[in-house]
Amino acid sequence: MSLFRKSHLQVIKDTGVYLSVNNKVSRPQDIIDMVSALFPEINYGVEERFIVLFLDTKNTYLNGEVISIGSLNASIVHPREVFKRALLYNSASIVCVHNHPSGVTTPSKEDDSITQRLDEAGRLLGIPVIDHIIVGDNNYYSFKEDNKL
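For the sequence shown, position 63 matches number 62 in numbering that gives the first Met the number 0, and the numbering has no gaps at all.
All clues stand as given, with none of them false.
Calculated lysine-lysine pairs in the DSSO-like style (CA-CA distance at most 30 Å, straight line): (1) Lys23 to Lys147; (2) Lys83 to Lys108; (3) Lys83 to Lys57; (4) Lys23 to Lys57; (5) Lys147 to Lys57; (6) Lys57 to Lys143; (7) Lys83 to Lys147; (8) Lys143 to Lys83; (9) Lys143 to Lys23; (10) Lys83 to Lys23; (11) Lys108 to Lys147; (12) Lys108 to Lys143.
Honestly, the hints are just simulated from the structure, not real lab data.
Build out the structure end to end from the sequences listed, making use of the hints.
Spelled out as structure tokens, the structure:
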């Protein structure tokens, strides 16, 4: 599992984007830039990676972690694992990101299902899922932008 703390953002530079501890997550592109800098393997991996960003009350990055590494076309993730870490990091909210190695960002039925389960669990725990983003070949899909969150 990969783990990055807030302090790591001060020194990370990727694709000309400097991240700072004050980086707030507000747009899908902000999220993609942050995830690409912290977890560059999401852009070229041959297996699905499910990453969660843990945010404070101001939607500022606290921590990020690879929760699951799947196969070529599947990632197994359970809400218990996601929210166990969210509670550990004292997160106010989370953002989920995973890649589709095929490059196609259209969500699968499994993507829809896990997003719904995470959203329900987050509501029960008071830790909302701000967005779930699927990244592919120079493209992304945002459940929030598509009004599914």
